[in-house]
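Novice: Here is what each chain is made of, one letter per residue.
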Amino acid sequence: MQKSEFITQIEGHGSLNVNWDKNKVTLEVHEGERLFEGMVVGRQAEELYWITPRICGVCPIAHNLAAIKAVEDALDLKPSYSTILLRKLLLDAQMIQSHVLHLYFLAAPDYLGLDSGLEIIKTHPVYFQQALELKRVSDLITDTIGGRGIHPTTTAAGGFHKVPSKEKLKKLKNETEKLLEASLGCVSLFSSFDYPKIKTDLILFSQINGNSYEVYDGKKIASNKGLTEAISNYKKVITEEVRSYSTAKFGKHEGKGMMVGALARLSLQGGLLKRETQQFIEKTEVNFQNPFHNNLAQAIETYHFVHEANKILEELIKTGIDPKATDLPKEYKPERISCGIGALEAPRGGLYYEIEVDSDGLIVHCNIITPTVQNLTSMEESAQALLEQTDGQDRKKRSELLEMLVRAYDPCITCSVH
Amino acid sequence: MVKKTQTKPKVAIFDFTDCEGCEVVLISLRNKLLELAGEVEIVNWRLVQKRADEGPYDVVLIEGTPVTRREIDALKYLREKTKFLIGLGSCATLGGIPGIIDKETRSLWYKKIYGEEYKPRGIDALPLVAYVKVDYLIHGCPVEKKEVVRVMEEVLAGRFPKGRGYSVCFECKIAGNRCRLLDKKVCLGPITQGGCGAICVSGGSPCYGCFGLRDSPQIDNLLTTLYKFSDSEEVERYFSMFLKKTPEYAKLFKKSKKKNAKE
Numbered sequence: 001m002q003k004s005e006f007i008t009q010i011e012g013h014g015s016l017n018v019n020w021d022k023n024k025v026t027l028e029v030h031e032g033e034r035l036f037e038g039m040v041v042g043r044q045a046e047e048l049y050w051i052t053p054r055i056c057g058v059c060p061i062a063h064n065l066a067a068i069k070a071v072e073d074a075l076d077l078k079p080s081y082s083t084i085l086l087r088k089l090l091l092d093a094q095m096i097q098s099h100v101l102h103l104y105f106l107a108a109p110d111y112l113g114l115d116s117g118l119e120i121i122k123t124h125p126v127y128f129q130q131a132l133e134l135k136r137v138s139d140l141i142t143d144t145i146g147g148r149g150i151h152p153t154t155t156a157a158g159g160f161h162k163v164p165s166k167e168k169l170k171k172l173k174n175e176t177e178k179l180l181e182a183s184l185g186c187v188s189l190f191s192s193f194d195y196p197k198i199k200t201d202l203i204l205f206s207q208i209n210g211n212s213y214e215v216y217d218g219k220k221i222a223s224n225k226g227l228t229e230a231i232s233n234y235k236k237v238i239t240e241e242v243r244s245y246s247t248a249k250f251g252k253h254e255g256k257g258m259m260v261g262a263l264a265r266l267s268l269q270g271g272l273l274k275r276e277t278q279q280f281i282e283k284t285e286v287n288f289q290n291p292f293h294n295n296l297a298q299a300i301e302t303y304h305f306v307h308e309a310n311k312i313l314e315e316l317i318k319t320g321i322d323p324k325a326t327d328l329p330k331e332y333k334p335e336r337i338s339c340g341i342g343a344l345e346a347p348r349g350g351l352y353y354e355i356e357v358d359s360d361g362l363i364v365h366c367n368i369i370t371p372t373v374q375n376l377t378s379m380e381e382s383a384q385a386l387l388e389q390t391d392g393q394d395r396k397k398r399s400e401l402l403e404m405l406v407r408a409y410d411p412c413i414t415c416s417v418h
Numbered sequence: 001m002v003k004k005t006q007t008k009p010k011v012a013i014f015d016f017t018d019c020e021g022c023e024v025v026l027i028s029l030r031n032k033l034l035e036l037a038g039e040v041e042i043v044n045w046r047l048v049q050k051r052a053d054e055g056p057y058d059v060v061l062i063e064g065t066p067v068t069r070r071e072i073d074a075l076k077y078l079r080e081k082t083k084f085l086i087g088l089g090s091c092a093t094l095g096g097i098p099g100i101i102d103k104e105t106r107s108l109w110y111k112k113i114y115g116e117e118y119k120p121r122g123i124d125a126l127p128l129v130a131y132v133k134v135d136y137l138i139h140g141c142p143v144e145k146k147e148v149v150r151v152m153e154e155v156l157a158g159r160f161p162k163g164r165g166y167s168v169c170f171e172c173k174i175a176g177n178r179c180r181l182l183d184k185k186v187c188l189g190p191i192t193q194g195g196c197g198a199i200c201v202s203g204g205s206p207c208y209g210c211f212g213l214r215d216s217p218q219i220d221n222l223l224t225t226l227y228k229f230s231d232s233e234e235v236e237r238y239f240s241m242f243l244k245k246t247p248e249y250a251k252l253f254k255k256s257k258k259k260n261a262k263e
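Top line first, the protein sequences correspond to chains A and B. Going by the numbering used here, the first residue of the first sequence is number 1, and it counts up by one from there. Going by the numbering used here, the first residue of the second sequence is number 1, and it counts up by one from there.
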């Protein structure tokens, strides 16, 4: 494991096993199993959202909020309007953090011919400073609202333990405004790259609500092939398959690969973006059948989430945070054994939590489906397509392209093996 | 500890089974990371670079718990190749959250989650010290930025870093928090090593002890206080969050039947 036997610059341990003679590729996942769905059984419902953010250090807020939504659903708790706004702000910042980490530190070196994201400071100092700003301020948002960005401390089912003062929100707004320019730079850098081209038949999925570009509060699951299904039927849409060469399950829709994440969201919800943001999709000619364009989609989304974060902060400052936001239940126990589902769009796509809580408030069952699980089959299918479409070309080059392709999906292997 | 020489010390960062949140903390250091990186040569860091030297290394940071056979073997190999080995974050230093699952109950959950046919890779989630000698532990779930910088600066200056000699309570007071114990809420702050700035209690969450036990923790004294308003089941829940694979936990809560084996 000291040698680069794993794909570098992705979250977690995965490798591509290529049989060059037969032109066949498999995606192997080696991360150790942590068994989170077993770990939480027998524990208190409110420990769920303390424990499961630890599934992933890159998108812990997404896990925290999805877990909270599942507990609220099971216990029939209704969060206040300000609570929802604060959570949406947290999720916006999570998207920026995660996209920026992936775009600049993991993916950009591929397109700039560099070994490490840390070298961009020498080759593209202006863009790199913008990346650091995007990281700094999105971290500041999650620290201020969530208490801590990586594994939040203030969030809870029903609301927040603590909320920031108006002064803090104002300071935060001043900083967040600085990201408007940086996010424009992000779109400009990532639309300047020459993305490899492959032909695929991607089936794209996103949670939607039909009214706005929604990541926190989707009501349905939609696909680019015309499917719409209630979120509660997520298990009908996504089936999971265990493979001998992987510690992560492979997600499928009707026997085929499915793709979720930024590219899928832009494809299914792009029409609901502001005109200005929509124009980026047209101008940069986003190709929804080229998985490499997921990077481009993440850049455009970064721009969108920066704008949304500013808007939410403006509203919170104007209206103030309602006192209900910190009015938490005394105990977390349903009257009788109850089920709850919590779903949202994490940076890498739809995330689903389902739990059962008994009348003592103890979790008796838990099921979690992460975005990368849904993407693994598609990743392998696209790798196979790439291998076939580059037949006869230099092996080293093909090898590099394959790794770039996996990286473009922005897999979170740690999420996939949870 | 690194001896001052002409060449820059060779540093490598590895991760075993975990969430990679502590590595994200390293990246969140931003300019400070670049500064630290300028003083060393990062010769292996899978998360952010392609360069992957096989050693020997002057300093190695390891995040995560070695759950699989290949991780355990890699850890032993890395120990041989490394002058100063540091555990980064609670998974590495304590077994952490993955340690909640007992070795004995793993097979049950493998069957439930993966099915009968599946051949598991994971053996048990234990801290690094279960397998090799570790030179320093940077605790935390995740690690605290300031602690990482402090320890790295000490190591690079050729000094042996020391742990905080006080408990979380000290920092919790400075942070201006009301004591959870006064509100009859369980808290492991009094027995836990400081350095976190009491960040969880400040946010309204409990302290579950992710920074590890402080020196002479006086656990019995804390238990006497806790049992005035709580019971052993609740107290065990707190201890089992990050400390389940510590000898102290085994001593306190040794039972014939593990809770996780129910169901």
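Just so you know, the hints here were simulated from the structure itself, not pulled from any lab data. This structure is a prediction, so every number in the text was calculated from the model and none was measured. Using N, Cα and C, we set each Cβ at its ideal position, and we do this for glycine too. Hints may contain errors.
Said to hold, decoys possible - DSSO-like mimics (lysine-lysine), calculated; alpha carbons at most 27 Å apart, straight line: (1) B:251 to A:173; (2) A:170 to B:145; (3) A:236 to B:145; (4) B:173 to A:236; (5) B:8 to B:111; (6) B:145 to A:171; (7) A:173 to B:146; (8) A:333 to A:168; (9) A:78 to B:185; (10) A:256 to A:88; (11) A:168 to B:32; (12) A:333 to B:8; (13) B:184 to A:333; (14) A:88 to A:78; (15) A:162 to A:88; (16) A:168 to A:88; (17) A:162 to A:173; (18) A:171 to B:119; (19) A:171 to B:32; (20) B:119 to A:162; (21) A:252 to B:32; (22) B:112 to B:76; (23) A:178 to A:311; (24) A:166 to B:228; (25) B:112 to A:333; (26) B:145 to A:88; (27) B:50 to A:122; (28) A:274 to A:225; (29) A:168 to B:145; (30) A:396 to A:24; (31) A:225 to A:283.
Claimed, not checked - Computed Cβ-Cβ distance ranges for the label pairs, DEER-style: (32) B:184 to A:359: 18 to 28 Å; (33) A:329 to B:216: 50 to 60 Å; (34) A:165 to B:104: 44 to 54 Å; (35) A:318 to B:251: 51 to 61 Å; (36) A:399 to B:130: 35 to 45 Å; (37) A:329 to B:179: 15 to 25 Å; (38) B:159 to A:318: 43 to 53 Å; (39) A:162 to B:76: 54 to 64 Å; (40) A:224 to B:251: 35 to 45 Å.
Novice: It remains to establish, for every hint, whether it holds in the given structure.
Specialist: How the hints compare with the structure:
1. B:251 to A:173: violated, 50 Å
2. A:170 to B:145: holds, 25 Å
3. A:236 to B:145: violated, 43 Å
4. B:173 to A:236: violated, 51 Å
5. B:8 to B:111: violated, 49 Å
6. B:145 to A:171: Roughly 22 Å separates the two Cα atoms, so the pair holds.
7. A:173 to B:146: holds, 25 Å
8. A:333 to A:168: violated, 34 Å
9. A:78 to B:185: holds, 25 Å
10. A:256 to A:88: violated, 32 Å
11. A:168 to B:32: holds, 25 Å
12. A:333 to B:8: Distance of about 57 Å is beyond 27 Å: violated.
13. B:184 to A:333: holds, 19 Å
14. A:88 to A:78: holds, 15 Å
15. A:162 to A:88: holds, 16 Å
16. A:168 to A:88: Cα-Cα ~17 Å, so holds.
17. A:162 to A:173: holds, 19 Å
18. A:171 to B:119: violated, 52 Å
19. A:171 to B:32: Roughly 23 Å separates the two Cα atoms, so the pair holds.
20. B:119 to A:162: violated, 45 Å
21. A:252 to B:32: With Cα atoms ~42 Å apart, residue 252 of chain A and residue 32 of chain B exceed 27 Å; violated.
22. B:112 to B:76: violated, 32 Å
23. A:178 to A:311: holds, 13 Å
24. A:166 to B:228: Violated, because 39 Å separates the two Cα atoms, which is more than 27 Å.
25. B:112 to A:333: Roughly 26 Å between the alpha carbons, so the hint for residue 112 of chain B and residue 333 of chain A holds.
26. B:145 to A:88: This hinted pair holds, its Cα atoms lying about 26 Å apart.
27. B:50 to A:122: holds, 17 Å
28. A:274 to A:225: holds, 24 Å
29. A:168 to B:145: holds, 22 Å
30. A:396 to A:24: holds, 16 Å
31. A:225 to A:283: holds, 24 Å
32. B:184 to A:359: 18 to 28 Å: holds, 23 Å
33. A:329 to B:216: 50 to 60 Å: The hinted range 50 to 60 Å is violated for residue 329 of chain A and residue 216 of chain B, with Cβ atoms some 38 Å apart.
34. A:165 to B:104: 44 to 54 Å: At 49 Å between Cβs, range holds.
35. A:318 to B:251: 51 to 61 Å: holds, 55 Å
36. A:399 to B:130: 35 to 45 Å: Taking Cβ atoms as reference, residue 399 of chain A and residue 130 of chain B lie about 37 Å apart, which means the hint holds.
37. A:329 to B:179: 15 to 25 Å: For residue 329 of chain A and residue 179 of chain B the Cβ distance comes to about 23 Å; the hint holds.
38. B:159 to A:318: 43 to 53 Å: About 52 Å separates the Cβ atoms of residue 159 of chain B and residue 318 of chain A, which means 43 to 53 Å holds.
39. A:162 to B:76: 54 to 64 Å: Violated - the Cβ-Cβ distance for residue 162 of chain A and residue 76 of chain B, about 44 Å, lies outside 54 to 64 Å.
40. A:224 to B:251: 35 to 45 Å: violated, 57 Å
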